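J.: Okay, here's what each chain looks like letter by letter:
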Amino acid sequence: MPGPKRKGINIFWFVAIALTAIACAALLYAGRGRTVNAGRRESTEKDDHFRMVLAGIEADLAAGKISPDQAEGAKGELAREILRLRAEDGDRRAGQLGLGTIAAGLAGVALLSFATYAVLGNPGMGGQPLAARPEVAAQQMNLVDAVARIEARLAREPDDLRGWTVVAPALVELGRYADAAGAYQRIIDLSGATAQLETDLAEALLLEAGGQGSETAMAHLRTAAALDGRHVQSRLYLAAELTRMGQYQEAAQFWQAALALAEGGEPWLEAARQGLAVAQNNGVDTSAEQQAEMIGAMVSSLSSRLYESGGSVEEWTQLVRSYIVLGDLSEAQLAYDRAVSAYPQAFDRGELDTIALSAGLELNGVEP
Amino acid sequence: MTIEIGHFSLILASALALVSAFGGLVLWRRGERLAAILAQSALLQFLLVGIAFAALVQAFVVSDFSLALAANNSHSLKPLIYKISGVWGNHEGSLVLWILILVLFGALVAAFGRRLPDDLFNLVQGTQSLLVAAFGAFTLFTSNPFERLTQPPLEGADLNPVLQDIGLAIHPPLLYAGYVGFSICFSFAIAALVSGRIDQAWARWVRPWTMLSWIFLTLGIAMGSYWAYYELGWGGWWFWDPVENASFMPWLAGTALLHSALVMEKRNALKIWTIFLSIITFSLSLLGTFLVRSGVLTSVHTFASDPTRGLVILTMLAVLIGGAFLLFAMRASALRQGGLFAPISREGALILNNLFLATAIGAILVGTLYPLLLDALVGTSISVGAPFFDLTFGALMAPLLLVLPFGPLLPWKRADLVAAGQRLMGAAALAVFLTILISALGGISISLAPVGLLLGFWVLFGSFAEIIERARIGRIPARESVRRLMGLPRSIWATALGHMGLGLTVLGIVSVTAWETELVTTLNPGESAELAGYEITFEDFAQVPGPNYMADTGIFAVTAPGGQVAHLHAERRSYVASGMPTTEAAIETYGLSQLYLQLGEPLADTHVLRVWHKPYILLIWIGTLVMSGAGVLSLTDRRLRFGAPKQARRHSIEAAE
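If you're matching them up, the sequences are chains V and P in order. Following full-length UniProt numbering, the numbering of the first sequence begins with 1 at its first residue and continues without gaps. Following full-length UniProt numbering, the numbering of the second sequence begins with 1 at its first residue and continues without gaps.
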């Protein structure tokens, strides 16, 4: 988002220039003989001092502490000191400071400040108070409460498209699949069907049915595929469901269609190739098992090494990430707990915390 | 964005200071207009550094870990007060606090020093600005507190648990106010050397600033001592730790400066020595602050240190202090010497005071630096411990305390020692009587304790001799005496109180050193132990969570000899973020004495308990409070007040001529 950042920079420079300008103006103002806060007068303090010394001598004389002779001597000493200082003052007058010198000085201040800041500063870098940071907000926001609030509003204003759009994925996340499907249906009613919306609806229905493909879900997926000839997600779902239902021929077509739409590097490519192979082999999987075994072996060797002899925070991060990707959240939580106890200072765990907390893991053992 | 505004403000303030330093030190003869600009600049520097400091505080309070300083030293679970005090619980932040106090003093001189002669004012502000520019640049280029992290961690590394205490909120600001306040005396000394003009009025201007800094330093050191006493968990209140010495040396020098400036103000004597002391005092303050930061000394006070930083600091100190002494060497001979006086006189007594204090500084300086030098040059590592300091410092202080009560009783110029001695007979008799009484009651043992007590009481009672003398108590009707007491100048009261505070501190030190008792034992809940007539029962043991730590808490019931029962909680805390343990001792006060309980390491099935009985230990700190109070009283004296209003009674100076 270049917009807000640019705006931040502009405000920063505005404040910086304003500060410099105010400082220079105050100094100029003082230099022109009128002062903002620091008026100065001719010095009289020294005279005060000698008056007080004199008063002290007279008080001592009056109290009988010193004799009149001594008092005369002390006064004479004082008078000589005053005369000497006055003579010194006489030859000390030099010209006043010129306005040109002042202006040059102020220009120097401004130049020096901006040049130094250019070297050291990070203009436009905003603050990141902990409470305002997204990963923390996600951790702290109570999803259930938020969804309940939005639903209450939607009950009053059922035509609030934005409300439905926000609440639908949240309902999926909360596991309320039937309500989520209803929400997606409502969005489609309000804004018209798109391939993505039909797919999201089908996904909610599939999840509701516990992975058993329902006729309605399949119908929505087919609508989605028909609505958009380049929609990948709906085709992948169709292919997977058809494979599961044993309709290998049609499944193979959808696998191929999805693969044909791939641009390369998508995370689902490998799974789709395996699916196609299974469909073409009429349901017999040869490679997938081996591959899953390989991944599992890798993760378990990393995990046993880390659990036994510990490792760097990066290795722990890799392990937690692997479990999250494999969908094994309880193992991920265990690994995360171990990593936290190995690295109790959150300061060391920057990336790990972000990954773990955004996957819904809990930070145990830090708060007493 | 506030962080970046703060960063810019600190840079702007340093740039302003650099240009002001040039203006003040080079163009100082250019009169009133320059003075007005420098005064304005001093106020602006204070405002700008204030903005920078506020930006840091704000980042700590909202746990903005994109500020590297906050990420390294704060923690989101920390209580608010420790988030704030955490700003200066580290190298970079403490530098900003240091500079903030420096510019605060500069602004105070600008606000209250309006009646100073222009050229003196220009030189003073120029020197102050030079210090601000030097330390501002050091901060920005080698220890920038405004460094940012593009990938901020989710949690900070937390502050050292030992520092998570109210002490950190109070001790460093007070101590720094004391250290930095002496920069004003330093600047006045440089101004006197550059302008070649030094007179009694100079001493009159310097004295309030010396007094103010001295008060802060006294309180800061006392606070630090009490903090160490209750937080470090083994009941010691002074360790002769290099850093403590580093703060004690400027205090001794500042005390000497207070007394010598008095001679200069009243008698126009000791001028060059006073200038020298002003430079020494601030140099020792710099040494105190930055020797620690350079990493040359390692102790509790050393935050993360790195060698380049240390090198820069040492170079800066060498240039600043060396430059000042070079200037002193070049100009001191050109200064006019002061008046002469007899050895037995108020001046003479004050010189004796300065002599002992200066020697004490020398001894401590040697004891602190000698091991370092030896290590650096020969590679032998030795440690100069408390016995060395106790012995040398004690030996130097005993004669000082012995002659102290005489000082205020001696008149200026020429005095009669016998007459002063007669007036102190009462105090001496009282001190001897009390010492014999206490020794008799406490059982006689061959030790230095009675001598210490004698000195303490002697100073305590002797300090009032002048007041009793002036009020003619016992020689004229009581009502008349009270009237005279009320009429005494506050400076007389301040002198008496200040010396009395010292007496109290001495008594506290002697009492704790001589009569402290200690008990180390193992206890289980339900069992009891006894020390110095106090019965200590281990009532219960529990694990209690705190905001950012877990605590093993021991609950004790203490029955005093008088029968009253107190319930104490002693804790061992383990801080979550750092895993560091701390001990929180339980301290119960009985009058001026304290019982100090420390829960030790847990053993297999029992707990180690350490108990100390510290008789009259509070006198140590009460004495320092009395001393500081005396300083405040002296500041309110008409003769020392900032920008004193003109006298009502006008004596014309011409009459004297």
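Some hints here could point you the wrong way.
[Claimed, not checked] Lysine-lysine pairs mimicking DSSO-like chemistry, simulated, CA-CA at most 30 Å apart:
no. : chain 1 : residue 1 : chain 2 : residue 2
1   : P       : 413       : V       : 75
2   : P       : 413       : P       : 266
3   : V       : 75        : P       : 266
Just so you know, the hints here were simulated from the structure itself, not pulled from any lab data. All values derive from a computational prediction rather than experimental measurement.
J.: Now look at each hint and say whether the structure bears it out.
T.: Results for each hint:
1. P/413 - V/75: OK: residue 413 of chain P and residue 75 of chain V at ~15 Å, within 30 Å.
2. P/413 - P/266: Distance ~10 Å between residue 413 of chain P and residue 266 of chain P Cα, so the pair holds.
3. V/75 - P/266: It holds: about 13 Å lies between the C-alpha atoms, which stays within 30 Å.
Hint violations for this structure: none, all hints satisfied.
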